[in-house]
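Chain by chain, the residues run as shown.
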Amino acid sequence: MQGPLIDTLVRQGVSRRTFLKYCATLASMMALPPSAGLAMAEAMAASRRPSVIWLPFQECTGCTESITRSHSPTIEGMIFDMISLDYQETLMAAAGFQAEEALHNAMKDNYGKYLLIIDGSIPLGVDGAYSCIAGRSNLELLKEAAKGAAAIVAMGSCASFGGIPKANPNPTGAVSVSDIIKDKPIVNIPGCPPIPVVMTGVLAHYLTFGSLPELDDKGRPKAFFGETIHDRCYRRPFYDQGKFAKTFDDEGARNGWCLFELGCKGPVTHNACATAKWNGGTSWPVESGHGCLGCSEPDFWDAGGFYKALSMPADPLKIAAAAAVVGVGAGVAVSFANRAKKGAAKKAHETTTLEDLEK
Amino acid sequence: MSLDAIPIHVINTLPVGPGLTGNAPPLLHEISELLRHLLATGETAAIDLSALPLTPADLDWLHDKLGEGEIGVTLQASGESTLNETACPGVWWVTHHNEQGAVTSQFIEVAFVPELVKAHPQDVASGQEYLELMIADL
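Residue numbers (my numbering), protein chains in the order written: chain A, 1 to 359; chain B, 1 to 138.
Because the hints were derived from the structure by calculation, they are not lab data. A few of these clues could be false.
[To be verified] Distance ranges between label pairs, derived from CB positions: (1) A/G96 with B/L133: 29 to 35 angstroms; (2) B/H120 with A/R254: 33 to 39 angstroms; (3) B/P18 with A/E140: 55 to 61 angstroms; (4) B/Q100 with A/D240: 29 to 35 angstroms; (5) B/L133 with A/K113: 37 to 43 angstroms; (6) A/K222 with B/P18: 57 to 63 angstroms; (7) A/N105 with B/L138: 50 to 56 angstroms; (8) A/D249 with B/G67: 23 to 29 angstroms; (9) B/A119 with A/E287: 33 to 39 angstroms.
Here the structure is a predicted model, which means the values were calculated and not measured. Glycine is no exception: its CB is placed at the ideal position from the N, C-alpha and C atoms.
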């Protein structure tokens, strides 16, 4: 294991064993075979610093928070030192003309080679006037910065799919990066916010292999988004055995059974929460007793109630329409299912019910 | 439909207990196969425990079955890591923790000595350099 990166790390007091341990964990998170850890360590150790430009658009800074607040100081943080982050408005000290100059210099000096990270959606309404930086619209900035980029990373659900700004009725006309840029490789790292290690993993892949990782049909790295939350959930065996929590405080909930009937979107959500977890590996939504919201899927905000089971029709308007057409059909079935649940909850003397949450 | 209704008799019932899923016992067969492979070819292997649907109770069950061996290695490298030999020599239970003490990854490694325990030649070289400098200063 030799090269510029490991030499820098060793100088900073990071031992080879620490680096190996980090790579073993990273390989595990990327669902690579355990032997890949060593191979990654060797390739990454020998890599060089690429220039990275990070532009925030219509966003809440949650993505930046997620990345920078991953328990510090970490080796993840050090990997970030391994890239030359030439422009990041939230983190950099420079402001005003100086900052814009730094951006233009970085784009000029590394033309065709830099990695462009975008967080936030791009509003197209009123000529993009909803979100401007230095008097220029996000659309204009994106087009300019994308021109010289080797590849683009769309960080978070907003940049990947439009996210919450795009939620119905989408007042600003928000769109994703891939709606605008068509001629560059784009990696989507959705999540609201995305998992820090996914970001590091993509960077590690870029450093290790000099290319972007393999992507799925929604432009997400397969290593992290290849399987659903449900596939990797530690509560999955209870789903297979038909053991479900029916309310948030019944016996099933206390026993840690599957949260499917409480609206968990795990079966249709591709993300790495189940393996990577959150807050430095402390826990993740399902482990803390709440179903997955599906935040890494397109339009998760408009995908029906968070507490409606996936087997239930998601859109209440569609249910009404279907019921009107079919006559009794769907509507009756749904209300019947709800009534059955209510009855069961009453019998178990529960205080919180699905109906309460859906009110 | 219960199992009684079909003419199949289950001989090896899965371990039962709170939180046990029955996913752990097959791993013992896999470990046994990996050990056979290690003896035959000298090739090491690992099982990524965090990649498998195992509940904490399953992991405890597996840990209990594999038992404690003679050697335990503790590594202090951005959080503690433990590499403990199980009662089956050549089977190591490897747990990586972060600085906060949370488990970041967990493996069963089948090897004579886990890779992490070995010193890297480069590190040995700088250790030797340090030693020579120290001797020169005596």
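Cross-check of the supplied hints:
no., hint, result
1, A/G96 with B/L133: 29 to 35 angstroms, "violated, 50 angstroms"
2, B/H120 with A/R254: 33 to 39 angstroms, "violated, 48 angstroms"
3, B/P18 with A/E140: 55 to 61 angstroms, "holds, 60 angstroms"
4, B/Q100 with A/D240: 29 to 35 angstroms, "holds, 32 angstroms"
5, B/L133 with A/K113: 37 to 43 angstroms, "holds, 41 angstroms"
6, A/K222 with B/P18: 57 to 63 angstroms, "violated, 36 angstroms"
7, A/N105 with B/L138: 50 to 56 angstroms, "holds, 52 angstroms"
8, A/D249 with B/G67: 23 to 29 angstroms, "violated, 38 angstroms"
9, B/A119 with A/E287: 33 to 39 angstroms, "holds, 37 angstroms"
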